[in-house]
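Based on the sequences and whatever the hints tell you, model everything.
Top to bottom, those sequences are chains A and C. Residue numbers for the first sequence follow our numbering, so the first one is 24 and each next one is one higher. Residue numbers for the second sequence follow our numbering, so the first one is 8 and each next one is one higher.
Quick caveat, the hints were computed from the structure, so don't treat them as lab data. A portion of the hints provided could be inaccurate.
For each label pair, taking beta carbons as the anchor points, the in silico distance ranges come out as [claimed, not checked]:
| # | chain 1 | residue 1 | chain 2 | residue 2 | range |
| --- | --- | --- | --- | --- | --- |
| 1 | C | V99 | A | F29 | 34 to 42 angstroms |
| 2 | A | I73 | C | K209 | 44 to 52 angstroms |
| 3 | C | A9 | A | L69 | 44 to 52 angstroms |
| 4 | A | F29 | C | F24 | 35 to 43 angstroms |
| 5 | A | I49 | C | K285 | 23 to 31 angstroms |
| 6 | A | V80 | C | N81 | 57 to 65 angstroms |
| 7 | A | F29 | C | I122 | 16 to 24 angstroms |
27 angstroms max Cα-Cα, derived DSS-like pairs, lysine-lysine [claimed, not checked]:
| # | chain 1 | residue 1 | chain 2 | residue 2 |
| --- | --- | --- | --- | --- |
| 8 | A | K87 | C | K274 |
| 9 | C | K285 | A | K87 |
| 10 | C | K317 | C | K212 |
| 11 | C | K283 | C | K39 |
| 12 | A | K87 | C | K317 |
| 13 | C | K285 | C | K45 |
| 14 | A | K87 | C | K290 |
| 15 | C | K283 | C | K50 |
Computed from a predicted model, the values in this text were never measured in an experiment. Think of the CB as a built atom: it goes at the ideal place given N, C-alpha and C, for glycine as much as any other residue.
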Amino acid sequence: MKIGLFGFLFVMWILILAGGGILVTILGPFSISGYGDFDLLLTSILKAIIAIILVIVWILILSKLKNWIFKKEIKF
Amino acid sequence: MAELIIPAIVSCIVAFFTVYVTTPPLIKFLQKRNLAVKDMNKKDHVMVVRPGGPSIIAGIITSELVLYGFFQINEILAIIITSFIAFVIGYVDDRKVMGGWFKPVALVIASTPIIFLGTYDSNLSFPLFGTVQIPALYLGLIIFMIPITGNTINSIDVLNGVASGFMIIASFSLSIALFILQNYEIAIISLPLGFVSLAFYKYHKIPSKIFPGDSGALTLGAMYGAIAIVGHVEIIAAVALLPAIINSFLFLSSMKRIVEHRQIKGKPVEHTEDFKLKATSDKTAPITLVRLILASGPLSEKQVGYAIFKLTIFSGILAIITAFMRVLI
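Below, the structure written as structure tokens:
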């Protein structure tokens, strides 16, 4: 049990680091141009959408991992 | 650096002793007014008073005001006001049972002082990879962060001493991370949180003489979130908080909605004959951190608490490693 929980914590940490890498490399340099005053707003909206998608993917991965790591424990 | 030592020491002493001295009279006051709840994990009929939030907020406000006397920076005001609003929201929930959505929604208000005082930096820093500028998205992050940290600490307040003990480890880990990042002023501002939790733990540890209640737990969580934002250590703070985040994640992913504990019919944990805690096989009950810890067999309340503390120490170490990784950038 305990090793499973420590493992789950560790995997969550790795996923946070990896997610940060994706955010910095993809979201960081991303910008939209050609829409005048709306450039900043459109860029922000698109960045927000990508970030939300990443968070959803992160939650889905965690859900799968939870079921895999705790398959013995979760018989509830 | 040397000029910061005196404010640090004075504020830590004030934080610790304000809570240490005000909690016993608060316990007596609450006993007189019969504001007590049954401790469900005790064999005998034990009543424990609540909430301990008033002494916790007193410790936070006095110590942070002392620090404000040394350095007049808006970050301190943002932390004080955010913590106080969270305390008021928690106190309302302590006195009157509110719906499951009340605390998360109301805590959005607690995040507004950080925005209005401009005590944030919209550059989100990640270890190893650097920073990403997300001005609009960051405002959303602030609005979400305080409700998340507040409710996350509240959700782990399930056994004697766990919320305050957890907060001691997480907040000191965050303070160490801030020192590593040479963000000395915010590191010192963050220290009272650990000392307030330490003093409260004296009365909250098993067997509890007082419970923090929603007002106490939300105050601790909101202050933690506010420090994370004003100190620009959001990711590190999230790592130190991982066991509580796991608890909330397991709870939400099994219940599929935001719901108050008291509204849940199925029990995740039951008691053995010798009153140890044991995981149930109830399919309608939420999966929680405590339930997973107990999956391998019954444990005493104290043993479960220590298991949570071990996980918190592990995540605290990961948070400190994360801080070192940020220094490498």
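*Using the beta carbons of A/V80 and C/N81, state whether their distance is inside 57 to 65 angstroms or not.*
violated (36 angstroms)
*Lying within 44 to 52 angstroms: is that true of the beta-carbon distance A/I73 to C/K209?*
holds (47 angstroms)
*Take a quick look at whether C/K283 and C/K39 sit within 27 angstroms of each other, Cα to Cα.*
Status violated; Cα separation ~31 angstroms.
*Below or equal to 27 angstroms on CA atoms is what counts here, so check C/K285 against A/K87.*
holds (25 angstroms)
*asked:* Tell me if the straight-line CA distance from C/K317 to C/K212 falls inside 27 angstroms.
replied: Holds - the C-alpha atoms of C/K212 and C/K317 are around 16 angstroms apart, at most 27 angstroms.
*Taking 27 angstroms as the top limit, are the C-alpha atoms of C/K285 and C/K45 close enough?*
holds (19 angstroms)
*Supplied distance hint 44 to 52 angstroms, evaluated on CB atoms of C/A9 and A/L69*: holds (48 angstroms)
*So does C/V99 sit 34 to 42 angstroms from A/F29, Cβ to Cβ?*
Hint holds: Cβ distance 38 angstroms, inside 34 to 42 angstroms.
_Taking the Cβ atom of A/I49 and the Cβ atom of C/K285, is their distance within the range 23 to 31 angstroms?_
violated (46 angstroms)
*Could you tell me whether the CB distance from A/F29 to C/F24 stays inside 35 to 43 angstroms?*
Since A/F29 and C/F24 have Cβ atoms about 36 angstroms apart, the given range 35 to 43 angstroms holds.
*Given the range 16 to 24 angstroms, decide if the beta-carbon distance of A/F29 to C/I122 lies inside it.*
Check failed, 37 angstroms falls outside 16 to 24 angstroms.
*asked:* Checking one constraint from the list: CA of C/K283 to CA of C/K50, max 27 angstroms. Satisfied?
replied: Status holds; Cα separation ~9 angstroms.
In this structure, the earlier hints numbered 5, 6, 7, 11 are contradicted, and the remaining ones agree with it.
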